[in-house]
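Here's the letter readout for the chains.
There are 2 protein chains.
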Amino acid sequence: MGVVIPLEDGKQRDASVKPLVAKTRGDMERVNQLILSKAGSDVAMIPEVANHLISSGGKRLRPMLTLASATMFGYSGEHHIKLATAVEFMHTATLLHDDVVDESDLRRGRSTARMIWGNQASVLVGDFLLGQAFKMMVEVGSLEALDVLSSAAAVIAEGEVLQLSVAKNMETTEDDYLSVIRAKTAALFSAACEVGPIVADAGKAERNALRSYGINLGLAFQLIDDVLDYDGSASDLGKNVGDDFREGKITLPVVLAYRRGSEDERSFWREAIEGGNSDDKALEKALGLIAKYGGLKDTTARAEHYASIARDALAPLPDSEEKAALLEVIAFCINRAS
Amino acid sequence: MGVVIPLEDGKQRDASVKPLVAKTRGDMERVNQLILSKAGSDVAMIPEVANHLISSGGKRLRPMLTLASATMFGYSGEHHIKLATAVEFMHTATLLHDDVVDESDLRRGRSTARMIWGNQASVLVGDFLLGQAFKMMVEVGSLEALDVLSSAAAVIAEGEVLQLSVAKNMETTEDDYLSVIRAKTAALFSAACEVGPIVADAGKAERNALRSYGINLGLAFQLIDDVLDYDGSASDLGKNVGDDFREGKITLPVVLAYRRGSEDERSFWREAIEGGNSDDKALEKALGLIAKYGGLKDTTARAEHYASIARDALAPLPDSEEKAALLEVIAFCINRAS
Chain A
708 MGVVIPLEDG
718 KQRDASVKPL
728 VAKTRGDMER
738 VNQLILSKAG
748 SDVAMIPEVA
758 NHLISSGGKR
768 LRPMLTLASA
778 TMFGYSGEHH
788 IKLATAVEFM
798 HTATLLHDDV
808 VDESDLRRGR
818 STARMIWGNQ
828 ASVLVGDFLL
838 GQAFKMMVEV
848 GSLEALDVLS
858 SAAAVIAEGE
868 VLQLSVAKNM
878 ETTEDDYLSV
888 IRAKTAALFS
898 AACEVGPIVA
908 DAGKAERNAL
918 RSYGINLGLA
928 FQLIDDVLDY
938 DGSASDLGKN
948 VGDDFREGKI
958 TLPVVLAYRR
968 GSEDERSFWR
978 EAIEGGNSDD
988 KALEKALGLI
998 AKYGGLKDTT
1008 ARAEHYASIA
1018 RDALAPLPDS
1028 EEKAALLEVI
1038 AFCINRAS
Chain B
708 MGVVIPLEDG
718 KQRDASVKPL
728 VAKTRGDMER
738 VNQLILSKAG
748 SDVAMIPEVA
758 NHLISSGGKR
768 LRPMLTLASA
778 TMFGYSGEHH
788 IKLATAVEFM
798 HTATLLHDDV
808 VDESDLRRGR
818 STARMIWGNQ
828 ASVLVGDFLL
838 GQAFKMMVEV
848 GSLEALDVLS
858 SAAAVIAEGE
868 VLQLSVAKNM
878 ETTEDDYLSV
888 IRAKTAALFS
898 AACEVGPIVA
908 DAGKAERNAL
918 RSYGINLGLA
928 FQLIDDVLDY
938 DGSASDLGKN
948 VGDDFREGKI
958 TLPVVLAYRR
968 GSEDERSFWR
978 EAIEGGNSDD
988 KALEKALGLI
998 AKYGGLKDTT
1008 ARAEHYASIA
1018 RDALAPLPDS
1028 EEKAALLEVI
1038 AFCINRAS
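If you're matching them up, the sequences are chains A and B in order.
Counted the way our numbering counts, the first sequence spans residues 708 to 1045.
Counted the way our numbering counts, the second sequence spans residues 708 to 1045.
These are computed hints drawn from the structure, not numbers from a lab.
Do not rely on the hints blindly, as some may be mistaken.
For chains that are exact copies, the list does not tell them apart, and a pair is met inside one copy or across any two.
Claimed, not checked - Here are the computed lysine to any residue pairs in the SDA-like style, where the Cα-Cα straight-line distance is at most 20 Å:
| id | residue 1 | residue 2 |
| --- | --- | --- |
| 1 | 875 | 752 |
| 2 | 766 | 743 |
| 3 | 956 | 985 |
| 4 | 999 | 763 |
| 5 | 956 | 1027 |
| 6 | 992 | 1030 |
| 7 | 766 | 782 |
| 8 | 875 | 751 |
| 9 | 956 | 824 |
| 10 | 1004 | 968 |
| 11 | 875 | 823 |
| 12 | 911 | 824 |
| 13 | 992 | 967 |
| 14 | 956 | 752 |
| 15 | 992 | 981 |
| 16 | 956 | 734 |
Isolated chain A, as found in the complex (with noise of 0.2 Å):
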């Protein structure tokens, strides 16, 4: 099932997000030194759940964006340190309140907090990171960096519950499902990008090239997720093949292969997604009818888009080493896929 992509840039074959971590080794440790300070409590189960996920190996993306963004503008201050640290509370939150909403046993191969701690202890230790989140923010002490990250922290919000409601409706054109992952998924990509400017006192054009880098890369980021989740080569994300088919969840691949489908194939996609036959043997038929559609191709296809206009956002600001690792994780994202 690997899909090769034409690269606009040869040279970007290799991309990697090896540049970012580089540039931004210091600071993380710093936020990795926040993280736990702020998820410590003096009630025991808060730093337990809290360090179950952040231990849990994820790339830590976002922090590592604010940090870049705020750096390529020569900001060398504290503030950016707490922000990061915000943001990645903000996903983390996220996740626990996503892992009761889907009902999840793993994630990234290892079980869910709500398996070991219960669907309980997800919620509150979710409102409790969310809480924190929002002191560190208000200690910044930045009115335009609290409107960029509470405005995400309701369209995020509001998005999941959109995914709710679409949820398991074959229906579902391209377009509501672009408005879900812009809302769950580029939205704190943005913001995260965006405060980086903020923070760093830049002009209002450098804060716009950086939100919309955010939103799209993260257009493309959760899209190439999508084709990844389809995709038997890919092997490094503690997910099994058919993940997303099996809990009868709706992405571009699936959306791209029902619309193009025939009659006969519209019918086992509702009966699998909507009516819940998601056995081995239909996601074998799944595969096959996404893959005679070209929807991991065409998906990559619509990655590649958004990844362009992420690209362009950079493109006029002064070369720096902020700016050319934050668009070789563009090029690392669509990668993954190839």
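Could you slot chain B onto chain A? The hints should help.
Here is chain B on its own, set in the frame of chain A:
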């Protein structure tokens, strides 16, 4: 089971929340409009779930406290409307998440949102309302108010987790229990009151007075709520006598009866609360033991202690209609149990 309380002030026997309602009526109309508008969303499920809870006939005590705490210092702008709405949204979000955590079927005599729309919608709409609350606070633009309210949000969530970890543990002390309700209930009362003098640009002494009033009123309020749950004469709650008992909730009347009881009686409590043997027969025995050891009378006495502190907190402030109304609310809270 009616409990007679010696009131310090005989004239407060018919104390009521009415003066507060009358004093804040005009502003509350604007709060109610803002609630409806900010609970709105293109995602239809959001206003449905939110309005279910919002229209369920709560007294809206918290936003009224914010409004009166601002106007008593001469405030005449718009910010207190937004902050009062944010406070009510924080409260509503907490209720939505609480019902999921407690697996409650009924609230104020109506089906909980989770029974109608599911746990998923309750978690996510709660998150949405919290996001909207923070957005409104940011719009107000007072970093001091943001600090107070975001700290309260973190404390509330921490208290909920704490409650989870002391749940069904009969060795819970009165101090443990107070820590829980201080965080779960009193922190929001306190924040609701403190942001009033903040937006009104009142002095530090006034802020401290209103914060102290709020936290102690909140403690008294919650303790009386605990009494009412075991008091057959209370019928205006949409709750049945013994709901807390059946859910295995530890409240102060139970803590007192347990600690004052014989070893046999303590065994009974452990089987009931920790072991779940809480049928009607067990409830009858529990009511008898609580009466035997003065659990309701003494819980009410504890509440009166905090009520006194709340009264003294306001004492140095100049007389005003708002001050009189806030003082009467204290007496009203206590009198509910008499």
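To see whether the hints hold, each was checked on the structure:
For the identical chains of this complex, residue 875 and residue 752 are inter-copy neighbours only, at 16 Å across copies versus 34 Å inside a copy, given an alpha-carbon limit of 20 Å. For the homomeric pair residue 766 and residue 743, the shortest alpha-carbon distance inside one copy (16 Å) is at most 20 Å, but the shortest distance between copies (40 Å) is not. In this assembly of identical chains, residue 956 and residue 985 lie within 20 Å of each other by CA distance solely inside one copy; the values are 11 Å within and 41 Å between copies. For a Cα distance limit of 20 Å, the shortest separation of residue 999 from residue 763 qualifies neither inside one copy, at 36 Å, nor across copies, at 52 Å.
For a Cα distance limit of 20 Å, the shortest separation of residue 956 from residue 1027 qualifies neither inside one copy, at 40 Å, nor across copies, at 58 Å. When the C-alpha separation of residue 992 and residue 1030 is checked against a cutoff of 20 Å, the pair qualifies neither within a copy, at 43 Å, nor between copies, at 71 Å. When the C-alpha separation of residue 766 and residue 782 is checked against a cutoff of 20 Å, the pair qualifies neither within a copy, at 23 Å, nor between copies, at 48 Å. In this assembly of identical chains, residue 875 and residue 751 lie within 20 Å of each other by CA distance solely across copies; the values are 17 Å between and 38 Å within a copy.
In the homo-oligomer, the alpha carbons of residue 956 and residue 824 lie at most 20 Å apart only across protomers (19 Å), although the nearest pairing inside one protomer, at 25 Å, exceeds that limit. Proximity of residue 1004 to residue 968 under the C-alpha cut-off of 20 Å is restricted to the intra-copy arrangement: shortest distance 16 Å within a copy versus 72 Å between copies. For the identical chains of this complex, residue 875 and residue 823 are inter-copy neighbours only, at 19 Å across copies versus 27 Å inside a copy, given an alpha-carbon limit of 20 Å. Neither within a single protomer nor between protomers do residue 911 and residue 824 lie at most 20 Å apart by alpha-carbon distance, with minima of 45 Å and 42 Å respectively.
In the homo-oligomer, the alpha carbons of residue 992 and residue 967 lie at most 20 Å apart inside one protomer (15 Å), although the nearest pairing across protomers, at 67 Å, exceeds that limit. With identical chains, the CA atoms of residue 956 and residue 752 are at most 20 Å apart between copies only, with a shortest distance of 19 Å across copies and 31 Å within one. Taking the shortest alpha-carbon separations for residue 992 and residue 981, only the intra-copy value of 16 Å comes in at or below 20 Å, while the best inter-copy value is 50 Å. Proximity of residue 956 and residue 734 under a CA criterion of 20 Å is satisfied in neither setting, with 37 Å inside one chain copy and 45 Å between copies.
Consistency with the previously given hints fails for numbers 4, 5, 6, 7, 12, 16, ordered from lowest to highest.
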